[in-house]
Structures are given as C-alpha cells and as structure tokens.
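*Asks:* Letter by letter, the chains look like this.
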Amino acid sequence: MIRELALVDVYFLLLALRWTIGLTLLALLGGGAVGLFVAAFGAARNPVLRGVAMVYVGTVQGIPLLGWLFIFYFGLSIIGYNLPPLVAATVGFSIYAGAFLGEIWRGALVAIPKTQWEAGLSIGLNYIEQLRHVIIPQAVRMAIAPTVGFVVQLIKNTSLAAVIGFVELTREGQLTTASTFQPFSVYLLVALMYFSLCYPLTQYSRVLERKRRVLH
Amino acid sequence: MSYRFQFRDVFAQKEAIADGVLVTLQLSAVTIGLGFLIGILVAVSLVYGERWLRSLARVYVEVIRNTPLIVQLFLIFFGLPGIGIRLDVMTASLLALTINLGAYTAEIVRAGIESVPKSQIEAGVSLGMTQPQIFRHVVLIPALKNVYPALSSQFVLLMLATSVVSQISAADLFHAGSIIQSRTFRDFEVYTVISVLYLCLTLLMRGGFGLLYHLVFRRK
Amino acid sequence: MSFIELKSVVKRYGSNTVLQDVDLNVEKGEIIAIIGRSGSGKSTLLRCINGLEPVQGGEVWVDGVAVHDPSANLRELRARVGIVFQSFNLFPHLTVQRNITLGPMIVKGLPAAEAATLALAALRKVGLEEKIGAYADELSGGQQQRVAIARSLAMSPSLMLFDEITSALDPELVGEVLLVLEEMAREGMTMLLVTHEMSFARRVAHRVVFMHQGKVWEQAPAKEFFAEPKTVELKSFLSSVIH
Numbered sequence: 001m002i003r004e005l006a007l008v009d010v011y012f013l014l015l016a017l018r019w020t021i022g023l024t025l026l027a028l029l030g031g032g033a034v035g036l037f038v039a040a041f042g043a044a045r046n047p048v049l050r051g052v053a054m055v056y057v058g059t060v061q062g063i064p065l066l067g068w069l070f071i072f073y074f075g076l077s078i079i080g081y082n083l084p085p086l087v088a089a090t091v092g093f094s095i096y097a098g099a100f101l102g103e104i105w106r107g108a109l110v111a112i113p114k115t116q117w118e119a120g121l122s123i124g125l126n127y128i129e130q131l132r133h134v135i136i137p138q139a140v141r142m143a144i145a146p147t148v149g150f151v152v153q154l155i156k157n158t159s160l161a162a163v164i165g166f167v168e169l170t171r172e173g174q175l176t177t178a179s180t181f182q183p184f185s186v187y188l189l190v191a192l193m194y195f196s197l198c199y200p201l202t203q204y205s206r207v208l209e210r211k212r213r214v215l216h
Numbered sequence: 001m002s003y004r005f006q007f008r009d010v011f012a013q014k015e016a017i018a019d020g021v022l023v024t025l026q027l028s029a030v031t032i033g034l035g036f037l038i039g040i041l042v043a044v045s046l047v048y049g050e051r052w053l054r055s056l057a058r059v060y061v062e063v064i065r066n067t068p069l070i071v072q073l074f075l076i077f078f079g080l081p082g083i084g085i086r087l088d089v090m091t092a093s094l095l096a097l098t099i100n101l102g103a104y105t106a107e108i109v110r111a112g113i114e115s116v117p118k119s120q121i122e123a124g125v126s127l128g129m130t131q132p133q134i135f136r137h138v139v140l141i142p143a144l145k146n147v148y149p150a151l152s153s154q155f156v157l158l159m160l161a162t163s164v165v166s167q168i169s170a171a172d173l174f175h176a177g178s179i180i181q182s183r184t185f186r187d188f189e190v191y192t193v194i195s196v197l198y199l200c201l202t203l204l205m206r207g208g209f210g211l212l213y214h215l216v217f218r219r220k
Numbered sequence: 001m002s003f004i005e006l007k008s009v010v011k012r013y014g015s016n017t018v019l020q021d022v023d024l025n026v027e028k029g030e031i032i033a034i035i036g037r038s039g040s041g042k043s044t045l046l047r048c049i050n051g052l053e054p055v056q057g058g059e060v061w062v063d064g065v066a067v068h069d070p071s072a073n074l075r076e077l078r079a080r081v082g083i084v085f086q087s088f089n090l091f092p093h094l095t096v097q098r099n100i101t102l103g104p105m106i107v108k109g110l111p112a113a114e115a116a117t118l119a120l121a122a123l124r125k126v127g128l129e130e131k132i133g134a135y136a137d138e139l140s141g142g143q144q145q146r147v148a149i150a151r152s153l154a155m156s157p158s159l160m161l162f163d164e165i166t167s168a169l170d171p172e173l174v175g176e177v178l179l180v181l182e183e184m185a186r187e188g189m190t191m192l193l194v195t196h197e198m199s200f201a202r203r204v205a206h207r208v209v210f211m212h213q214g215k216v217w218e219q220a221p222a223k224e225f226f227a228e229p230k231t232v233e234l235k236s237f238l239s240s241v242i243h
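Protein chains in written order, with this note's numbering: chain A, 1 to 216; chain B, 1 to 220; chain C, 1 to 243.
Derived Cβ-Cβ restraints for the label pairs, each shown as a range:
id: 1; chain 1: A; residue 1: L7; chain 2: B; residue 2: L157; range: 33 to 39 Å
id: 2; chain 1: A; residue 1: Q203; chain 2: C; residue 2: T117; range: 52 to 58 Å
id: 3; chain 1: B; residue 1: R136; chain 2: C; residue 2: E129; range: 24 to 30 Å
id: 4; chain 1: A; residue 1: L7; chain 2: B; residue 2: L215; range: 55 to 61 Å
id: 5; chain 1: B; residue 1: W52; chain 2: A; residue 2: Q203; range: 18 to 24 Å
id: 6; chain 1: B; residue 1: R58; chain 2: C; residue 2: V232; range: 52 to 58 Å
Because the hints were derived from the structure by calculation, they are not lab data. The beta-carbon is built from N, C-alpha and C at its ideal position, and this holds for glycine as well.
Bound conformation, chain A alone (with noise of 0.2 Å):
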C-alpha cells in the first residue's frame, strides 16, 4: 500500500528522533563510565595499565562500528539473552565511545604539566586525590571542546543502530520509504534532522574550541 507523504510522517519521523537522542545519552553514560577508566589507565604511571588502555582503544578504533554491534547483537543471544537491539547497540556504542572518549580524556590528562601533580603530591595527596581536586578540573576545561565535537560523532553513529533493527531516526526513515516510497524526500528530512541537532553543537565545540585556546 502506497501512500503519500504527509505531515504524520514527519511526526514519526520526529518520535524516531527522540531515540536518537535517547541512544545517544545512553552512549554517553555507559561510553562516558568506560572512557574514566580508560583515561585513568592510559595516564597513569604504571605501563601495564597503559599497555592495557592501549591495546583496548587500539582494538576498538581498528574495527567498524558495525562490526561491534553485530558481535553484541549476535553474542548476546549466544548468551541466552534476547534482548532488543536497544540493549545490543548501548553495550555496542559503549564500548566504542568509552575508547574514543578515552582517548580524548587522556589526552587532557596527559597535557597537565607535571608540575601540577608535585604540587599535589607535596601537600600530601595520593594519586586519587590528586586526580580528584587538582588534575581533573583542569583537564575538564581542556577536554571539553572535543568532548562536544565527539558527541557530534555519536549522534551520526547512532544511525547505524538501523541496522540491528533499533528503530531510531535512520530506521524510521527506511519504514517510512517503505510505505511511501518517496526515497528522496524521506532520506532528505532525515538528512535535515540530523542536521539540526549536529549542527548547532558543532558550532557550540568551535566556540569552545577557541575559549580554550585563549586560555592555553
């Protein structure tokens, strides 16, 4: 049955866009709490602990973001559980954010000039504390412009959730073709989507950008 494009698909359209976002906040929480300790590791003094940040970011950024959410579609059910792609892809996109995530904390971390943690450390503080109230709030000022620009990456990343059945923007388009099949217009109202909530926080990382660089 084909029928034409209406206004009520572009509600459906803007419903999908919720989950969207939704996966995307998912991707952050669970991206967010593995990309501590993957800053955490990859800065720290001890070289086993950085090898294993290493070789886990390594790992993570040399494979698809495809291909990580098939492995978890498909391993879950292994494991018994049949859970929905909801479930499948925010373990998926946890894991590839808390690398990229990582990646981008550590580098904060690791621009902190020495200095700062031996003024730490002669006052007392341990390799948390020092972490906690001397190290962290500068590298949170240093982090967060490519922070934002990598939220950016994850709301387009957030599209491929398509594919594992997830319906979110991307899905609901390819439905809404299906019944409309109006390809163009659908896909360029999704492209229009996107593009509104992308954009403005691409402009949002710029600004941030060059606030940091007048401080540094």
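Once you have looked at the hints, place chains B and C on chain A.
*Replies:* Just chains B and C, lined up with the frame of chain A:
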C-alpha cells in the same frame, strides 16, 4: 552455556572472505585518492576563494560533516532514482564515500594551510611570488606535513567506514559476513572473524602510512 | 626624484596610529640605519616600503613605483627589493639551494642551471657554499640569517631592507652577519637597516634616522648623529642603549 563456537565453518569460506577484502581495499584506495584531491581543492576554496566560492565550500563541508554517512548513502542510492538518476551499487558507494571523505579531508587540510606561519607567506610575497606560486612552493608541503597524523587517521577511519556499503548490498568485506552467515548460520563467529580482519587491515594501513611519512617527508 | 620617497605617510592598526606623517628620502647607494625604541614604528616603516603593510595616508615611492597605490602590482618591484627578516623565514622543507633558486626560477623564469649558478655565487658572498645541500634546521642562527641574505641577493636587488636581522641571534653569531653587510655596503648597495647595533650603524651607515612615537624625530649623518644628538628624546635614548 551450551553453545559451542564453530569457527572452522567460517574459515572454510575463505574465498568469500578474500573477495570481500579485495573489494574493501579497492573501494578504500579509490575513495582515498579521489577524496584527498577533492579535499585539497575544497580547502583551497575555503582559504583563498572568493566570497561565493568560500560559502559554497563551507556549505558542502558543513552539510556532509553534520549528517550521517549511511543517510548520505541511502539518499544517493535510494533517493536519486526518484529524480531520475539511477546508479549501480558500486558507483553509488564510491560517490557517497568520496563526497563524505572530501568534506572531512577539506577541514583537515584547511587547518594545515592555516598552520603555516604568516612569516613564511611574507617571505614568499617579498620575493615577488604570486599567491598560487606561494601555495604550491611554500604552503602545500609544510601544511600536509603538519596534518599528516590527522589525515592518515581519517583515511583509516574511512576504510572502516566503507563497511556501511554492505547495507546497500555492495560486495565488501562486511557484506561477505551476511553471505557466510546465510551459509553457516554462525552469526557471532562470522562477525568476530570479519572484525578481526578489519583490525588487521587497520594495523596494515597505519604501518603503511608510517612508512609513507618516512619516504615522503624525511630527508634523504 | 629620490630612489625612495616617503611623503606624509600614515599607518594605523585599528585605532592605533603607528606612523604619523613620516617623511623620508633615500638616494641610490645610501646606507640608512633606523633606530628607536620598540613601538616607535621602525619595523613598520620598513615593511611599508616593499608593500608588506598597506598605508592609510601619504605616499610611498620606491624607484618610481607608487607602493601606496592599492591597485599597484608590486610583484615586479618586490623582485628588485630584497628584505631580510628578524626570524630568517627560510623555507624549512627546502634545501638551502632550493631556498635560493626558488625566486630566480619562479619569479624571474630563469632556467635551473642559471639559477644554480646564481645560488652558488650568492652563497659564496655570504661564505656558506659548503652548506648548499643542507636544510635550515641543520644550520646555526647566524648561518640561517646569512642564507636568508643570500636568498635575497640571488634576485639581484637594487635595494636591501634589513629588519633587525641580528636581534634574534646569539651574540657570538652576530659578527659573521655584520661582516656580510659591511661587504655589501662596500659594493655600493642601497641599504635600509632597522637595527640595535649602534657601533655598526656609526661605522657603516651614511645617515641614521631616529624614530620616536611614529615620526622621524631626528636624522643626521652617522658621526654627527651619535656625537651631537640634538633632541632630548634622542639623547635619552642613546644614553640608555650605549653604556
């Protein structure tokens, strides 16, 4: 867990895998070659162009960089026929990937051009060189050298991103996965093997770019 | 008309007026040293002469060319006016030879063999023929500066501008550069030098110009300039730099 991993079945599909690797490499190579050229052209437009050219280039870069690759691919492969342009799978894949890479490369090269110190340009101007001469002899090589790491990372990312063309049934490495999957029903093993192969390709590419740097930019 | 004529030149950066009503004449073969405090406008003055800086008012005439005219094509003039910068500005990705032959080959269209001969001759003048295949980062500051001079010389200029070319050098490397300059002076090159090297200025320059607050505050033949400063500002400047 009562599941037994059966990787042997997957390894038996050597030919399908090899064909897939070949297509992925070819697609990546052609895209990188074309995308790199487009990127330089667009970067030059962004930095040196007249107002209208700069705006055009900026719109291109922003639209591509703020929309997902898969949507661009679908628009080209599924959408264009709606306005009379029908492309085959390979052409559509190449077109989408090249347009995509061109925009990302343009931003990187632009940053490279702007990283060349103004004093270098002044030296060229003071010798009486024209802008195009200054770009070719004073700016281009130092600019590319400065952004080489970012550029080569982007190219490796591109190779991984080619996996998306599997979604329009282009016969790349990732698509080989669905073929083998339908033959062996070993979903998990299939995609694990394919992912490891991508990892090998990544390592090879990174090594290749490292070698290239020494060949091109290191003094004899 | 003089070789270089500046008439009532005004130069502004935004709301900041760097050159106010500057008048200066330079004849062919003259060697002029320009001194003054930082911010007095002396570097800017030099950069206005080959058009690196546009002027907002007044006229700049170099060898009959109206440099102040925004529509003027200065390429041909620049091929005849050499400038050497404080930070050398050698092209890091090219060898010394390529640095020097680039101008003659690309701007003047000379064939490679002729350009190579010119390069060797220029390097010989500055005493660095053996470094012809080296890259900038393999050379000391003084050597880089001499290569920069050779690069300008290879264009057979009729005027050489020097913008504080020894200020970024370690003291022990300054002498070798000044020697090259003295040789050029002996050969009759028209030279304008913005410099802090007072003894060099007194010895080699024909005339010395003192810039202050964006104006030509005082100028005189070299010996007279240092021996009998007329204005209070010049006296105070000289006493602060000569000790």
